[in-house]
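Asker: Starting from the given sequences, assemble the full structure and let the hints guide the process.
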Amino acid sequence: MKQFQYTRALTQQSAIDAIAKPGTKIIAGGTNLIDLMKRGVTAPDKLVDINHLPLKNIVATKTGLHIGALALNSVVSENSLVLEKQPLLSMALKAGASPQLRNMATVGGNMMQRTRCTYFYDTTMPCNKRAPGTGCGAMEGINRMHAIFGASDQCIAVNPSDMCVGLAALDAVAIIAGKKGERRIPFTEFHRLPGDHPEMDNHLATGEMIVGVEIPDNNFAKNSYYLKVRDRQSYAFALVSVAAALEISNGVIKNARLAMGGVAHKPWRLFDAEKALIGKPATEESFKQAAQIAMQGAKAYQYNSFKLKLAPATITEALKHAAGLV
Amino acid sequence: MEDEKDHALPGFEAEAKDNSRRNFLKQSTLLTAIALTPGTAVKAAEMGVGEKIAEAFEKMPIKMEVNGVAHSLSVEPRATLLDILREQLDLTGTKKGCDHGQCGACTVHVDGHRVNSCLTLGVMASGKKITTIEGLAKGDDLHPMQEAFLKHDGFQCGYCTPGQIMSAVACIREGHANSEMEIREYMSGNICRCGAYPNIVNAIQEVKAGGQAV
Chain A
0 MKQFQYTRAL TQQSAIDAIA KPGTKIIAGG TNLIDLMKRG VTAPDKLVDI
50 NHLPLKNIVA TKTGLHIGAL ALNSVVSENS LVLEKQPLLS MALKAGASPQ
100 LRNMATVGGN MMQRTRCTYF YDTTMPCNKR APGTGCGAME GINRMHAIFG
150 ASDQCIAVNP SDMCVGLAAL DAVAIIAGKK GERRIPFTEF HRLPGDHPEM
200 DNHLATGEMI VGVEIPDNNF AKNSYYLKVR DRQSYAFALV SVAAALEISN
250 GVIKNARLAM GGVAHKPWRL FDAEKALIGK PATEESFKQA AQIAMQGAKA
300 YQYNSFKLKL APATITEALK HAAGLV
Chain B
0 MEDEKDHALP GFEAEAKDNS RRNFLKQSTL LTAIALTPGT AVKAAEMGVG
50 EKIAEAFEKM PIKMEVNGVA HSLSVEPRAT LLDILREQLD LTGTKKGCDH
100 GQCGACTVHV DGHRVNSCLT LGVMASGKKI TTIEGLAKGD DLHPMQEAFL
150 KHDGFQCGYC TPGQIMSAVA CIREGHANSE MEIREYMSGN ICRCGAYPNI
200 VNAIQEVKAG GQAV
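Chains as they are written, first to last, in numbering that gives the first Met the number 0: chain A, 0 to 325; chain B, 0 to 213.
In case anyone wonders, no lab produced these hints; they're calculated from the structure.
Among the hints, a few may not be true.
[Claimed, not checked] Listed below are the simulated DSBU-like cross-link pairs for lysine-lysine, each with C-alpha atoms no more than 35 Å apart in a straight line:
id, chain 1, residue 1, chain 2, residue 2
1, B, Lys62, A, Lys1
2, A, Lys20, B, Lys128
3, B, Lys62, A, Lys24
4, B, Lys62, A, Lys37
5, A, Lys1, B, Lys127
6, A, Lys298, A, Lys37
7, A, Lys37, B, Lys150
8, B, Lys150, A, Lys45
9, B, Lys58, A, Lys45
10, B, Lys95, A, Lys1
11, B, Lys62, A, Lys55
12, A, Lys178, B, Lys62
13, A, Lys61, A, Lys24
14, A, Lys178, A, Lys221
15, A, Lys253, A, Lys178
[What the hints assert, rightly or not] Sample of chain A residues facing chain B (criterion: CB under 10 Å; computed from the structure):
id, residue
16, Gly28
17, Ala96
18, Arg101
Glycine is no exception: its CB is placed at the ideal position from the N, C-alpha and C atoms.
Answerer: Structure follows, in structure tokens:
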């Protein structure tokens, strides 16, 4: 690992001032950043440790649930307010990483984690995300883990997070702080598609930091489910994952939220499939139809065409679990 | 700096010039550090101060309590907790497996919570209480989890065992050892290349059933 300067930010303002300088990165849990630094994928001149900022709180507000950016993944997943109001988030968090990593990883850090594309990690390979302009190794390479939605001719990597899939489904809002104060952006617009700039994972500007997320109150707690399909039963990144949340009244779907992981450069919200579910009976047939709608526009590469079948099957199965049919 | 530029294959050149490889590595590390370190260290280098002084700029003082013993250390910011435990404190019970947070061999407790020490910077663990595998036994009395791993053959080669045991203790403390399924899920961050999983689960179940304080 290349040498760097380490400083601790004792106030949010000092952290914001520090990250305005090029070559400076924030470190929170470090579970992704340290790994990337060891591999030479990234080499910051300076790390600003923000773990001493008061951003760990999980509190109910008048309209929802506020979770600080430094709340640990393990703490959030077992928090009584989260379990009561937003069990889908808890399920998504517990599907990610390992207990040790969840004890280190933070909510903000989880949002900032980079793709696990092997071509991004391997510094001897071309990668437009790591080194813009060098090409994409995955496009014609071993692209089994890669995107089937929203990819570009520059990058077909996927966002690896489970937590973010849950937050995207739950209409969360990301709270961002910068020199000009705070701004709030819908979670589904925090991450971006690769387009011509795959080096940018999200819409966070230079000099900005995540301070928290907010999840508006909803009626999904009774009927939500996170289903993750992976190469082994635990501790692996998703081939496909689905966050499903339903509001069911007398067997009829009143409201629905769906998002997929492992299929795109960002958590992939399924707006059209959600609309199609509203007013339908909560049956396997309705779920299969919604899954077909969700797959419109999907495009596979040489080694990931299995996802074209796996994704709709996972959507259907997640919805069946959410509806209590399984 | 001129010397550095002249060396097509610096490692060999340096040795040929009666410079030990160790010294060369030290120097080249220093140069790398200067290239990447803004501020005081760069100024120090520009002013031509020696390696020892520059090194003082690079290292940071930290304090941590490891297995009940207080330590004041001087560490590079890039040094992981794992490397500090093994290289500076000679606590080699904690193992380096993958060094990338994928295997769990390096699992230790920081302020009572299990973490991967390979992905923890020492400077970030400053002020914390660390427990390693060496800190579980009380003198010659093994910890109940250590006894159970012996009794149930919870290992073959033993390399992953310190991490497995640290994780197993945390698994029970967290309340995640209530069934075989739950234990398997909450021990998934510890990979065993020999496949001793069934025996590891048995050991954890026995300690859990025994109800002793862990």
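Asker: Confirm or reject each hint.
Answerer: Evaluation of the provided hints:
{"no.": "1", "hint": "B:Lys62 / A:Lys1", "verdict": "holds (23 Å)"}
{"no.": "2", "hint": "A:Lys20 / B:Lys128", "verdict": "holds (33 Å)"}
{"no.": "3", "hint": "B:Lys62 / A:Lys24", "verdict": "holds (24 Å)"}
{"no.": "4", "hint": "B:Lys62 / A:Lys37", "verdict": "holds (24 Å)"}
{"no.": "5", "hint": "A:Lys1 / B:Lys127", "verdict": "holds (25 Å)"}
{"no.": "6", "hint": "A:Lys298 / A:Lys37", "verdict": "holds (34 Å)"}
{"no.": "7", "hint": "A:Lys37 / B:Lys150", "verdict": "violated (38 Å)"}
{"no.": "8", "hint": "B:Lys150 / A:Lys45", "verdict": "violated (48 Å)"}
{"no.": "9", "hint": "B:Lys58 / A:Lys45", "verdict": "holds (14 Å)"}
{"no.": "10", "hint": "B:Lys95 / A:Lys1", "verdict": "holds (20 Å)"}
{"no.": "11", "hint": "B:Lys62 / A:Lys55", "verdict": "holds (24 Å)"}
{"no.": "12", "hint": "A:Lys178 / B:Lys62", "verdict": "holds (34 Å)"}
{"no.": "13", "hint": "A:Lys61 / A:Lys24", "verdict": "holds (34 Å)"}
{"no.": "14", "hint": "A:Lys178 / A:Lys221", "verdict": "violated (41 Å)"}
{"no.": "15", "hint": "A:Lys253 / A:Lys178", "verdict": "violated (42 Å)"}
{"no.": "16", "hint": "Gly28", "verdict": "holds (8 Å)"}
{"no.": "17", "hint": "Ala96", "verdict": "holds (8 Å)"}
{"no.": "18", "hint": "Arg101", "verdict": "holds (9 Å)"}
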